[in-house]
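Chain Y is already provided as a structure; the job is to place chain R on it using the hints.
Chains Y and R, in that order, give the protein sequences. Be aware that the first sequence starts at 177, since it is given in this note's numbering, and climbs by one per residue. Be aware that the second sequence starts at 177, since it is given in this note's numbering, and climbs by one per residue.
One thing to keep in mind: the hints can contain errors.
When chains are identical, the list treats them as one kind, so a pair holds in a single copy or across two.
[Claimed, not checked] Here are the simulated BS3-like pairs of lysine-lysine, each with C-alpha atoms no more than 30 Å apart in a straight line: (1) Lys178 with Lys283; (2) Lys370 with Lys283; (3) Lys351 with Lys283; (4) Lys283 with Lys186; (5) Lys370 with Lys299; (6) Lys268 with Lys178.
By construction, these hints were calculated from the structure, which means they are not laboratory data.
There are 2 protein chains.
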Amino acid sequence: MKVAIVIFDKFTDLDLWLMWDLLNRVRLENWEVKILGEKETHLSATNIEVKTTGRIDEANQADAVLFVSGQGTRDRITDENWLAKFNLNPEKQLIGSICSGSLILAKLGLLEGKTATTYPTSKTVLESFGIEVVEKPCVVHGNVATAGGCLAQQYLIGWVIENLVDKDWADLVVKAIQPVGEGLFFADAPNLTKLYAPLTKANAKV
Amino acid sequence: MKVAIVIFDKFTDLDLWLMWDLLNRVRLENWEVKILGEKETHLSATNIEVKTTGRIDEANQADAVLFVSGQGTRDRITDENWLAKFNLNPEKQLIGSICSGSLILAKLGLLEGKTATTYPTSKTVLESFGIEVVEKPCVVHGNVATAGGCLAQQYLIGWVIENLVDKDWADLVVKAIQPVGEGLFFADAPNLTKLYAPLTKANAKV
Chain Y
177 MKVAIVIFDK
187 FTDLDLWLMW
197 DLLNRVRLEN
207 WEVKILGEKE
217 THLSATNIEV
227 KTTGRIDEAN
237 QADAVLFVSG
247 QGTRDRITDE
257 NWLAKFNLNP
267 EKQLIGSICS
277 GSLILAKLGL
287 LEGKTATTYP
297 TSKTVLESFG
307 IEVVEKPCVV
317 HGNVATAGGC
327 LAQQYLIGWV
337 IENLVDKDWA
347 DLVVKAIQPV
357 GEGLFFADAP
367 NLTKLYAPLT
377 KANAKV
Chain R
177 MKVAIVIFDK
187 FTDLDLWLMW
197 DLLNRVRLEN
207 WEVKILGEKE
217 THLSATNIEV
227 KTTGRIDEAN
237 QADAVLFVSG
247 QGTRDRITDE
257 NWLAKFNLNP
267 EKQLIGSICS
277 GSLILAKLGL
287 LEGKTATTYP
297 TSKTVLESFG
307 IEVVEKPCVV
317 HGNVATAGGC
327 LAQQYLIGWV
337 IENLVDKDWA
347 DLVVKAIQPV
357 GEGLFFADAP
367 NLTKLYAPLT
377 KANAKV
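Looking at chain Y on its own, in the form it has when it is part of the complex:
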């Protein structure tokens, strides 16, 4: 199972690293998470240099493809060469976005006839593409999901893990990052050790 996170220059740091961290808590042998970009490194919104581990065309073969957000999405949605590299298939792939990543999904034609969510400052742009925007943290239609507000990544990634692995892994991974006393408790300690254990065989659904 391969999960691809697509980044670009001027991405919001948290929108890469929250999903990256959550996805990497899954301890299964054939579970692979890649950071894809059009260059060997991309600069975040705060000028952090991040190495990519593959090019964006690899997204077309991934089991799940996730788009990050940030000011950089404004350049991506007008870059037809960049957009043309994607040939995603929502019949076979899970496809998701956080915040303004939804603008890319819209430009790729993946939100046609669907409702979606996005970051508040991107709502009018997404609406200008003819998409009905709803005020929800995560909107799922079949294999396509949009999430809005950085911390809504926990719903988006929970959905990815539940669909690619199972609900137990999804619940455990999302629980593991909750504030103590607010979703995560000291009594959970024994269960959390599963997240640090050696890799185990996956019971893949895909």
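Same frame as chain Y, but now just chain R:
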């Protein structure tokens, strides 16, 4: 105002990047956030190479010092040379930790006679240092705060920003990452533009 985030090898990715991202949303001229380490780069728990922007002794002059967490804390708390580089002053500095970063605060003598919180899998170690551990997301005693569970960083960083800047900036920064419909709303869009505005003069409290 200088905020220092102290990292080390095998740190939890999210425990650096959530606080980094939040702190960098403050748009004030004299606001500086640094990533300190004992080397030019450190490797995260998922083998991401992160460049530091200063050495750990700089923490001694910062207005706020924050310790990340991860499996790497187990090595830090037995490294007397590393611990000896810190000469922190809770009378003059804000000092905080996320998850197992509390073990470092304890070893530095900053939690003596105080209650504290930590990650569930670090509770027994923290207790072995004679600290009373309470099941709360964020425990504040004067200028020293411990937070437990990655997402509790929002309370920790809210506390830092409120004390170094003001409550309006703290509230806005924390609101900006909430899930849409759950703390962040489309009607907030005009206020969020403040987070992308040119730098403004700080009304520093420190």
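Hint check results:
1. Lys178 with Lys283: Cα proximity of Lys178 and Lys283: one copy only (24 Å, versus 41 Å across).
2. Lys370 with Lys283: The answer is between: 28 Å across copies meets 30 Å, while 39 Å in one copy does not.
3. Lys351 with Lys283: between (33 Å within a copy, 28 Å between copies)
4. Lys283 with Lys186: Within one copy only: 19 Å inside, 38 Å across.
5. Lys370 with Lys299: between (39 Å within a copy, 17 Å between copies)
6. Lys268 with Lys178: within (13 Å within a copy, 48 Å between copies)
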